[in-house]
Amino acid sequence: MALHFYEPRYKTLVRRAWEGNRLFAFTDRPPRPGVDAVVVHIEQARFLRDGRANVVGVGVAAIVLRDVWVEDNTGGLSVTSMPRNPAWLPAPPARRTSAGADDQRCAAQRCACALM
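Mind the numbering: the sequence shown is residues 1 to 116 in the numbering used here, read in order.
Hints are supplied without guarantee of correctness; some may be wrong.
Keeping only pairs whose Cα atoms sit at most 20 Å apart, straight-line, the calculated EDC-like set for lysine to aspartate or glutamate is [as the list claims (entries may be wrong)]:
hint, residue 1, residue 2
1, 11, 72
2, 11, 28
3, 11, 50
4, 11, 43
5, 11, 71
If you're looking for bench data, these hints aren't it; they were derived computationally from the structure. Remember, it's a predicted structure, so these values are computed and weren't measured experimentally.
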């Protein structure tokens, strides 16, 4: 799938995913427990100067959202827990950009839900 991220909350989503495990959950409705989602692995990302991003990703798994909450100070970004060490989890990227400890924890344990 090809996506263009331009809303502030989704700019946060794509930056965290790209700098972390390159995963996010994609839903076609407001994220809440019990909603079906697709875990997307970002294959390519091109970041524009204003923070917008053009992303190419591949769906790697269908999941049902479990815990869902809106993270503070993100402009309404919904976050969900992910299964630990699932078999479909891609290998970590060979090169990572530096991120804060909170972003690394977030990327390793959660994935953000994009409401598209």
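Right, here's what the structure says about each hint:
1. This hinted pair checks out: residue 11 and residue 72 have alpha carbons roughly 15 Å apart, not beyond 20 Å.
2. Distance restraint check for residue 11 and residue 28: the Cα-Cα separation of roughly 18 Å lies within the 20 Å cut-off, and the hinted pair is therefore satisfied.
3. Distance restraint check for residue 11 and residue 50: the Cα-Cα separation of roughly 10 Å lies within the 20 Å cut-off, and the hinted pair is therefore satisfied.
4. Restraint check for residue 11 and residue 43: the C-alpha separation of about 16 Å stays at or below 20 Å, so the hint holds.
5. Pair hint residue 11 plus residue 71 holds up; C-alpha atoms about 14 Å apart against a cutoff of 20 Å.
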